[in-house]
Each structure stands twice: as C-alpha cells, then as structure tokens.
Amino acid sequence: MLIPRLALHSLRSRLLTTSLTVASIALSVTLLVGIEHVRAGVRASFAGTIRGVDLIVGARGGTLQALLSTVFGIGSPSGSVKLSTVERWKTHPAVKWAVPYSLGDSHRGFRVVGTTPEFFERYRFRNNASVTLTSGHIAAGDTDVVIGSDVADRLQYTVGSPVVVVHGLRDIGTSSHETHPFRVVGVLRRTFTPIDRSIYVTLEGIKAMHEEDANVPGAMPGAMPGAEAPPGMNRLSAAADEQVSAFFVGTRNRFEALMLQREMNTDLVEPLTAVIPGVALGELWQNIGSAEVGLRVIALFAVAIGLTGMLVALYSSLEARRREMAIFRAIGAGPRTIISLLVLESGMLALLGCVVGVGTVYLGLAFAQSPIEQRFGLHLSIRPLGITEWGYLAMVLAAGIVIGVVPAWKAYRTSLVDGLSPRA
Amino acid sequence: MSGTAVELSQVRFAYREQQPVLAIDHLSIARGETVFLHGPSGSGKTTLLGILAGVLQANSGSVRILEQDFTRMSGGARDAFRARHLGYVFQMFNLIPYLSVRENILLPIRLDAGRRARLGEVSLDRAVRTMAEELDIAGLLDAPIGELSVGQQQRVAAARALIGSPEVVIADEPTSALDTDRREQFLRLLFASCEKAQAALVFVSHDHTLRPLFSRTVSLTDINRATSLRSAA
Numbered sequence: 075m076l077i078p079r080l081a082l083h084s085l086r087s088r089l090l091t092t093s094l095t096v097a098s099i100a101l102s103v104t105l106l107v108g109i110e111h112v113r114a115g116v117r118a119s120f121a122g123t124i125r126g127v128d129l130i131v132g133a134r135g136g137t138l139q140a141l142l143s144t145v146f147g148i149g150s151p152s153g154s155v156k157l158s159t160v161e162r163w164k165t166h167p168a169v170k171w172a173v174p175y176s177l178g179d180s181h182r183g184f185r186v187v188g189t190t191p192e193f194f195e196r197y198r199f200r201n202n203a204s205v206t207l208t209s210g211h212i213a214a215g216d217t218d219v220v221i222g223s224d225v226a227d228r229l230q231y232t233v234g235s236p237v238v239v240v241h242g243l244r245d246i247g248t249s250s251h252e253t254h255p256f257r258v259v260g261v262l263r264r265t266f267t268p269i270d271r272s273i274y275v276t277l278e279g280i281k282a283m284h285e286e287d288a289n290v291p292g293a294m295p296g297a298m299p300g301a302e303a304p305p306g307m308n309r310l311s312a313a314a315d316e317q318v319s320a321f322f323v324g325t326r327n328r329f330e331a332l333m334l335q336r337e338m339n340t341d342l343v344e345p346l347t348a349v350i351p352g353v354a355l356g357e358l359w360q361n362i363g364s365a366e367v368g369l370r371v372i373a374l375f376a377v378a379i380g381l382t383g384m385l386v387a388l389y390s391s392l393e394a395r396r397r398e399m400a401i402f403r404a405i406g407a408g409p410r411t412i413i414s415l416l417v418l419e420s421g422m423l424a425l426l427g428c429v430v431g432v433g434t435v436y437l438g439l440a441f442a443q444s445p446i447e448q449r450f451g452l453h454l455s456i457r458p459l460g461i462t463e464w465g466y467l468a469m470v471l472a473a474g475i476v477i478g479v480v481p482a483w484k485a486y487r488t489s490l491v492d493g494l495s496p497r498a
Numbered sequence: 002m003s004g005t006a007v008e009l010s011q012v013r014f015a016y017r018e019q020q021p022v023l024a025i026d027h028l029s030i031a032r033g034e035t036v037f038l039h040g041p042s043g044s045g046k047t048t049l050l051g052i053l054a055g056v057l058q059a060n061s062g063s064v065r066i067l068e069q070d071f072t073r074m075s076g077g078a079r080d081a082f083r084a085r086h087l088g089y090v091f092q093m094f095n096l097i098p099y100l101s102v103r104e105n106i107l108l109p110i111r112l113d114a115g116r117r118a119r120l121g122e123v124s125l126d127r128a129v130r131t132m133a134e135e136l137d138i139a140g141l142l143d144a145p146i147g148e149l150s151v152g153q154q155q156r157v158a159a160a161r162a163l164i165g166s167p168e169v170v171i172a173d174e175p176t177s178a179l180d181t182d183r184r185e186q187f188l189r190l191l192f193a194s195c196e197k198a199q200a201a202l203v204f205v206s207h208d209h210t211l212r213p214l215f216s217r218t219v220s221l222t223d224i225n226r227a228t229s230l231r232s233a234a
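In order, the protein sequences belong to chains A and B.
Whatever position you read off the first sequence (first residue = 1), add 74 for the working numbering.
Whatever position you read off the second sequence (first residue = 1), add 1 for the working numbering.
Please note that the accuracy of each hint is not assured.
Said to hold, decoys possible - Distance ranges between label pairs, derived from CB positions:
| no. | chain 1 | residue 1 | chain 2 | residue 2 | range |
| --- | --- | --- | --- | --- | --- |
| 1 | A | 86 | B | 18 | 42 to 48 Å |
| 2 | B | 114 | A | 460 | 41 to 47 Å |
| 3 | A | 460 | B | 69 | 56 to 62 Å |
Said to hold, decoys possible - Computed, partial: chain A to chain B, Cβ under 8 Å:
| no. | residue |
| --- | --- |
| 4 | 83 |
| 5 | 84 |
| 6 | 86 |
| 7 | 397 |
| 8 | 401 |
| 9 | 403 |
| 10 | 405 |
| 11 | 406 |
| 12 | 407 |
Please keep in mind that the hints were generated in silico from the structure rather than gathered at the bench.
No residue lacks a Cβ here, since even glycine has one placed at the ideal position from N, Cα and C.
Excised from the complex, chain A in its bound form:
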C-alpha cells in the first residue's frame, strides 16, 4: 500500500499540474466520446428519416434513385407508376395500406408532393413520431395545400396564403399552373426531415391543375425548356390512366416485406422497383459514411494531443522531481518501486481524465440534449458507453500507463548515475 499512497500524496501535492493534466486528458476524452455520441446520433437520425413505411415502390430503376427522389427530394424518379397498379397491389393480402406519391411540380424551389391524407397517418420518423400540424388541417380539397415548417418560415406563409404551383423545379413564368391557384390550409410541425421542405397537395389537386393546364395553349409541361420534367411525369393524357411517381406500402406483417418486395420486383403487368427504406438508407449511409471516418480521425488526433500533453507534464514534473527520485534511491528503492510509482501516477492521471471526460459528456448531454434536438433535430440519446467508447477509454488508459514507463525508466537510470550527488 506504500506506492499507491505515495502516488496519491505526490499527485495531491502538485495539485495545479495534476488538475491541468487531468483537464487536458479529460478534454480529449470528452471530444472522443462526444464525437462518438454525435456520430451515433447522426446515424440514428439519418436512419430515422423514414419509419413506418415498409416498401417504397417506383418504376423500374435504381434503389437509391427511388429512395432519394421520394424520401429526400433529390433528383427525379426513374419513371411513373399507374394509379391502377397502386390500387391492384392494395388488394394484395400482405399489404395493409398503400399511399400514392406524386412528384414533378414545385413552388418557389420547394417540391410539391401529391398524395392522400393517409400519408400523414402512415408516415413516421425518428422514434415512431408522426407528422402533426401546428395550425390548420390536412389537405382534403383540390385547392388545399399543406406546407412543411421550413417552407412556412422561408416564405412567411400561414394558413390562407395563396400558392401557385409550377411544373418542374424552377420558377419560369410561362410554366405556372396559374389557372389553378392553391391556398395553404395547414402548416406542419418541424420534423427535421425533408418533410419540412415539402408542400403537400391532394392527388385530386394535381389532377385538376393539369387538366386545367391542358386547356391552356403553350403551357404543356413536356415542351418546357429548362424545366426538370422527369420522365413519366408527362400528364398530357390526363384523361387516360392516371399516373403517380411512386407509392409507399405498409405490410400487415413486417416479415412479409422481403417476400412482397420480390413479388413486386417481378410484377408482370408493370416493371417496378420495390425498396425497403431501412436497407436503402443503410446502403446510402455506407456511401456517405466516409465523413464518419473523418470524425473518428479527428477524435483520435485529439487524444494523441491530450496524451502528448500528459507526457510533457510528466516529463517536466520529473525534472523537478529528480531530487525526490534520488531520495528514494538512497533509501533503497529499486527500479520496480520507482517505475510503479511513476506509472501509477500517470495511470491515475489517465483514469481521472477518463472519468472526468466521460462525466463531462453525460453532463453536457443532460443539459444540451433537448436544445440540440430542438435546434438541429439531432437526438443524442443518453445511453451507457458502447464497445467503441470502452475501447477508446482502454486505449487512453493504456497509453497513459505506457507513457508513464518512459520517464519512469529515465528517472531510475538518471538517479542511478547522479542520484546520490547532493547537487541534483
């Protein structure tokens, strides 16, 4: 018990150096564990962009394209799906519900989505949260519009604001569906998903808008230069079978999703691509996940800096402690005693740094969790440390111990040579 007591006394006697060293290690640990929490939070929040939907079904094409165009509003769908196909699949015994999803129009840069009121009932995000309204009601009539929170903020729209929808994604005067003005009837609560940047109308609204356009010469969507009219979005023959961009499906039993996916992908009537959102999100994350590696590298650098700080602190304190080492040597302390003393001290510094660092993370989470969630939609869960984090801590601790060996060995060697001289 001599050495632990010596180490404790010694650390306590140099309180300022000790606290500074612990603080620098704690900062690194905070960064390391904090980044890991943020990384997990970002990943979870990304995976939580769409919930409650078991399959996204579009025209034959890439899975990522189907996911990006529908859920994230990036790019355009690979084609269109007949509404009758949606109706047909709706009767499939494994299908609980199917909601059509129609893209291709916009309002001042925001995507206009044609769907049914059931969409708002079915769509879930994050931990099974549903889409709710801050004011008004869900679009029901063919001139009704429901807007996401970003749309409302940016355009300063409230219930009652008029909305003119244009075909494609750009505002070009001649392409407006001016003959069919919409009016905002509801504003959605912030979800921190692409829903916030979307405008929702009913399928009837879209149909009515295009039917009226068809009667106006020169306003044919397919003939517009520059307008990003996706293929299959051409609704010239509106009277014929109506078409949508995709449809979302909920199964009666989630385990049937895979079977249903295969069945839809081999639909003989219309070539379809069915995507399981979770799987596709995972694939997408794999692609953009290199940012994660970057975060980790930064965190490791931070730890390296913290440990270097510890090494410097130990080394410089050792210079001041040569006298002490000489005394220990004079009373017969061998290399084991001296090395265990110094290694124990550096180990204690590292351990204390880990404890303080982890404590800071949890304290920070406790205080910042809900502000961060409200501000950035990033839910950082307060959870026990994961394997990665324990691994990091073990690494910091091991490095602290190894770093202690170096000055300890030097101390023993040095005091062996000049230890008994009165002038050290």
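Given chain A's structure and the hints, the job is docking chain B onto it.
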C-alpha cells in the same frame, strides 16, 4: 557488536575509460567507528559514497559491506541491501516534500520488510517516537516538511537514516547548511544514535573544526591514487 563494516581493496572506478576517478588500494572501517572523510572538491568523495552505498558499481577490485561483496551483486540486490542495512543523509533536501515528518521517517521501514523486522515487537509509532525524541524532533512529527527549519530537516533526515538500526550510516556534508551551534547539536544527536545502533558512520565534511569529534580521520587525497594514475598514464 563488532566486525568490519566496510572493506575496500584495489577498487578502481571511472565514469569514462582512461579517466579514473577513484583508485583506492585499501580502506577498512569497523562497526561502531565514526570516520571523518575529507578531501577537496573533485577528489572523488561523492563517487566513493556512491560505491559504498551500492549505487555505483566499481570497475574492479572488491567492495565488501558487512562481509557482502557488492561487486558480485546485481543492481537490484544492492538496492535491497541498501534498504536494509544502510542509512544515508544528504547535504540538504533530504525529505519527500509531500509526506509528513512521520511518513518521511517511516519510509525505509515501509519500503523494506527486513528493516521493519529489525524493530522487533516495537510498534511503528513507538519506533518513530523514540527516534524523534533522540533527535529532538518529537514535536514535529505531524508538521508539513515546508514548515521545518534546515536544522530540523537534517535531524528528520538523520532519524530516517537511523531508524531500524542500519549497520552503516553515510552522511554527505550533512551539517554544511547549519550554523555552528546547530552543527554541534546535530552531531551529538547523530553520534548518540549511531553508537546506540553500533553503526559505522562515514561522515564527509569540509569543516575541519569537527574532526576532533570523530574516532578516525581519512583524507581522500591520501588514499585515492586516481590523480597520480592519471598523470602517470
């Protein structure tokens, strides 16, 4: 109790080749003897003390402390031997600053179980108290080191060197930081304790007024032939 405490013969030591620092053909110190060792700076005093304490290893010759040959022992064995049989007092800064007086005195006992065993049935507290009373520091046992005067610090160092009755006590100019009155007082206490433990005392000093108090005087210039060896080579 009698016998040889220190026996050096044909000892050679050099930090660097061809530059001998120490060349002592013979030096013998008996137990209970108090030796005043003097010599000018650079005469190899510190080196000799390092060899006697087993911190330095002679290049050749034999170094026998209490009939044990240091030249045949490993560094670790010499560390252990020093912990059990030796007491050492530096010129100054003898104490571990973050330990109390009591803890400082107890260090050798805590470090080596054999040294503890030498106290016999006596409790640690009793042993420290006895030692402290002998050296007139009994009232300071719980004081922080920083509050002690230099003289008090040196007496604490002496108490630490002497606790557990080591056979050999080495003191490297322990009184040089003390004023004349304190010097005498310190020496009286040191001698009394050494006599009680039947320890051989090797005392290095420049202060020749202290010489008459010792049983023997050794001039390092006389016994160290390193300088003459060097000039001969």
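Mind listing which of the numbered hints don't hold for this structure, in increasing order?
The structure conflicts with no hint, since it agrees with every one listed earlier.
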